[in-house]
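Each chain, written out:
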Amino acid sequence: MTSVLYDVPGPKARRISLIGSVVGTVLILGLLAWIVMTLAQQGIFEGRRWAIFTRGDVWTLLGNGIGATLSAAAIAAVIAFPLGLMLCLLRISLVAWIRIPTRVVLEFLRGMPVVLMMLFVLLVFGTSSFIAVIAGLVLYNAAIFAEIIRAGIQSLPKGQREAGLTIGLTSFQSRMLIELPQAVRRMMPSLVAQLVVLLKDTSLGYIVAYGELLRAVQVMADFLGNAFLFPIFFVAAAIYIAINICVSRIAVWIERRGSSKTAGGVAKAPTAVVAPELPDATERK
Amino acid sequence: MEVIIENLPLYWEGLLRTLFLSAVSGIIALVVGTLLAAARVSPVAALRGFSTVYVEVLRNTPLTIAFFFAAIVLPRLGVTFQQFEVAAIIALSAYTAAFIAEAVRSGVNSVPIGQAEAARSIGMKFGQVLSLIVLPQALRTVIPPLINILIALVKNSSVAGAFFVLELFGYGRQMANANGDQVMAVLLGVAFFYLLLTVPLGILASTVERKVAIAR
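Protein chains in written order, with this note's numbering: chain G, 25 to 309; chain Z, 133 to 348.
The shape of chain G in the complex, shown without the other chains (with noise of 0.2 Å):
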């Protein structure tokens, strides 16, 4: 697509495009240079405040953080899985009475803010503020994957669960067994996506005190002055970001092995949803 949008560049173009490239990436190192060259006025890049990287204890604290961050991702993944599922499987029940309320809580789950639920847990029910991270994380991400669960039901053709009806399997046992690891298959791609933004939200546990990466960082910028602050971060914010990717390229990997191993293929993700395909084109004007 990308390439049908313009001409193949003849040596004109190349050497417009060249200088295009060359003055673009020009623009953006002087503006590199220019964030450097300020921060270095203010001393940032002394080498008196990046020593304290040689210190082990601030490697210390950083790793309990960094362990903090991905044990709640880790915990909250595993309860809102199963969680997940169950909601799903009362979503698409046959019973109007399980599948209605069901699709009210869903829907009240997916429309709140992830931090306005850890503050809930955390006030309400006074928990501890790990239990109230792992809470808030879990209700939304159960949600979350309930809904693509579904979507990856619904994408299934209809066959797969009348052949499952027609061999004299129940309804239940049809879900469990024959739709349900087809669907979840499909959405592999999605779920992981999906792991990622859990992984990114519990850095909302700063906010109610959680003693994650950048609650770590605060506490060492506090106990060590501020002129260490920024080199702190710097650091903490390139690990968190750093893990990110890796799990982000992770999905990736997963979606490209997928459409080649699975049969049928992987679906899109349903948040990028493109317009259902219709029939016919002329038939809607």
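For the record, the hints were derived by calculation from the structure and aren't laboratory data. Hints may be right or wrong, so weigh each one.
Simulated coverage check for chain G against chain Z, where a stretch passes if three residues somewhere in it have a Cβ under 8 Å from a Cβ of chain Z [said to hold, decoys possible]:
1. 56-70
2. 107-120
3. 143-152
4. 249-257
Just so it is clear, the structure is predicted and the values come from calculations on it, not from any experiment. The beta carbon of each residue, even a glycine, is placed where N, CA and C say it ideally should be.
Let chain G serve as the given structure and place chain Z on it in line with the hints.
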């Protein structure tokens, strides 16, 4: 229950502030995001590279870090602001722009090749192809995902409440501290006002998805 009615003016104030933050950052993010998406498909390699790196990094940055950055690092660069709102708007729009760029780009990719080919064959240039033919169609396809991003933006603006901006979440926290015995009612009130914003947007998204979507 009385605590909600008593504090209705505060809720209202917070709701307006949340709406203001979301609207301003939403508009900035839409413009910047579309430009980034255009840069992502442009013939100039430097623009492509910059856009790719920006989107990759920002999409993988937790919002809290973006807020930290806007509140701590930017002032050191000489960008000072009187109010924390400005920092919040910078963080929110920079963060959301990355997601919008990604959505618009996938929209550009969903426009059939024939459209761009036809435009090219009647002699249009890159800018014309993009602005007259591809982007208008792409934007229609991406409207539902864009509304979903805006819903996320409304919810994300609550993070600003933790960075000294008094919006719905910020007021909610304040009221929860002031009325220690009725925390549950206060927070359910906040939740209700958030739903007041997000649920209509969600309904709008699914309606638009059914109606505006181009049939191909």
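**Report entry** Cβ contact check, 8 Å cutoff: the region 56-70 of chain G against chain Z, three residues minimum
**Finding:** holds (count 5)
Report task. Take the region 249-257 of chain G, compare each residue's beta carbon with every beta carbon of chain Z, and decide whether three or more fall closer than 8 Å. Result -> holds (count 3)
**Report entry** Outcome, coverage of the region 107-120 of chain G by chain Z - at least 3 residues whose beta-carbon is closer than 8 Å to one in that chain
**Finding:** Not satisfied, violated; 0 residues make the cut.
Report task. Count residues of the region 143-152 of chain G with a Cβ under 8 Å from any Cβ of chain Z, then say if the count reaches three. Result -> It holds, with 4 qualifying residues against the three required.
Hint compliance for this structure: hint 2 is the single one not met.
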